[in-house]
Amino acid sequence: MVIGRRIAAFNFRELFVLCKVFLKSPLYLHPTYKATKITVAISNRLYGKLHHKNNRTNAFRHALWNYLICKYCLQVARTPENAMNWSKKITDLHERLSPNDGLEKMMDLHNNKIGRELFLDADVNEEDITSILKQITSEAVKVSSLAEIQEVKKNLVFIEKLKTPL
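Per numbering that gives the first Met the number 0, the sequence shown runs over residues 0 to 165.
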């Protein structure tokens with residue numbers, strides 16, 4: 000499983016940081032894991048391994064992941080704002096611990112934010128959010144600099160051109 004392999008690849012410091020976050024907020028562990036697992040399953044079903052590149056499908060995955068973390072953690076968080084804060088905390092941590100640098104990291108952080116904002120704007124089921132995100136993904140903006148990412152406010156962004164059509 001991709002999630003298990005990613006955790007197994009953590010060094011001691013990274014694992015310690017992750018454990019510390021969940022020890023402070025243990026009720027978030029299960030819904031966050033569930034959101035992560037479902038996000039990967041949907042992304043694999045729709046795009047195969049393409050979503051592991053820095054393309055539109057990766058933007059889809061990041062936005063969906065944040066949306067689902069917010070949705071599944073809402074019961075624990077009690078307010079949409081708290082759910083969004085948790086999603087930001089855990090996905091920012093993921094980016095901090097990931098091997099991505101510079102433009103890739105900023106792209107992921109931007110797409111994470113779009114997913115959280117979508118959560119505030121739309122209370123829909125997983126099937127509908129997938130359709131909505133597929134449409135938003137088709138409108139994603141290709142960027143080549145940090146400045147370009149900062150200029151894009153409401154669209155998903157990507158770096159790498161997708162070689163096959165969505």
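You may find that some hints are simply not true.
As the list claims (entries may be wrong) - Within a straight-line C-alpha distance of at most 25 Å, the following computed DSS-like cross-link-like pairs (lysine-lysine) qualify:
| id | residue 1 | residue 2 |
| --- | --- | --- |
| 1 | LYS153 | LYS141 |
| 2 | LYS19 | LYS52 |
| 3 | LYS36 | LYS88 |
| 4 | LYS141 | LYS112 |
Said to hold, decoys possible - Listed next, with one range per pair, are the computed distances between beta-carbon atoms:
| id | residue 1 | residue 2 | range |
| --- | --- | --- | --- |
| 5 | VAL123 | LEU26 | 20 to 30 Å |
| 6 | SER144 | LEU26 | 14 to 24 Å |
| 7 | GLU150 | CYS18 | 14 to 24 Å |
It is worth saying that the hints were derived from the structure and are not from the lab.
Idealized CB from N, CA, C, for every residue including glycine.
Q.
Next pair to validate is LYS141 with LYS112; report whether the Cα-Cα distance is within 25 Å.
A. Given pair LYS141, LYS112 holds - Cα atoms ~17 Å apart, limit 25 Å.
Falls inside 14 to 24 Å, the C-beta gap from GLU150 to CYS18?
Given a distance of about 38 Å, which is not inside 14 to 24 Å, the answer is violated.
### Task
Assess, step by step, whether the Cα of LYS19 is no farther than 25 Å from the Cα of LYS52, and give holds or violated.
violated (29 Å)
Would you check the hint for LYS36 and LYS88, treating anything up to 25 Å between C-alpha atoms as holding? holds (18 Å)
> Regarding VAL123 and LEU26, is the given constraint of 20 to 30 Å on their beta-carbon distance met?
Replying inline: Taking Cβ atoms as reference, VAL123 and LEU26 lie about 24 Å apart, which means the hint holds.
Per the hint of 14 to 24 Å, is the separation of the Cβ atoms of SER144 and LEU26 within bounds?
For SER144 and LEU26 the Cβ distance comes to about 40 Å; the hint is violated.
Given pair status - LYS141, LYS153, alpha carbons within 25 Å: With a Cα-Cα distance of about 13 Å, the restraint between LYS153 and LYS141 holds, given a limit of 25 Å.
Taken one by one, the earlier hints fail for this structure at numbers 2, 6 and 7, listed in ascending order.
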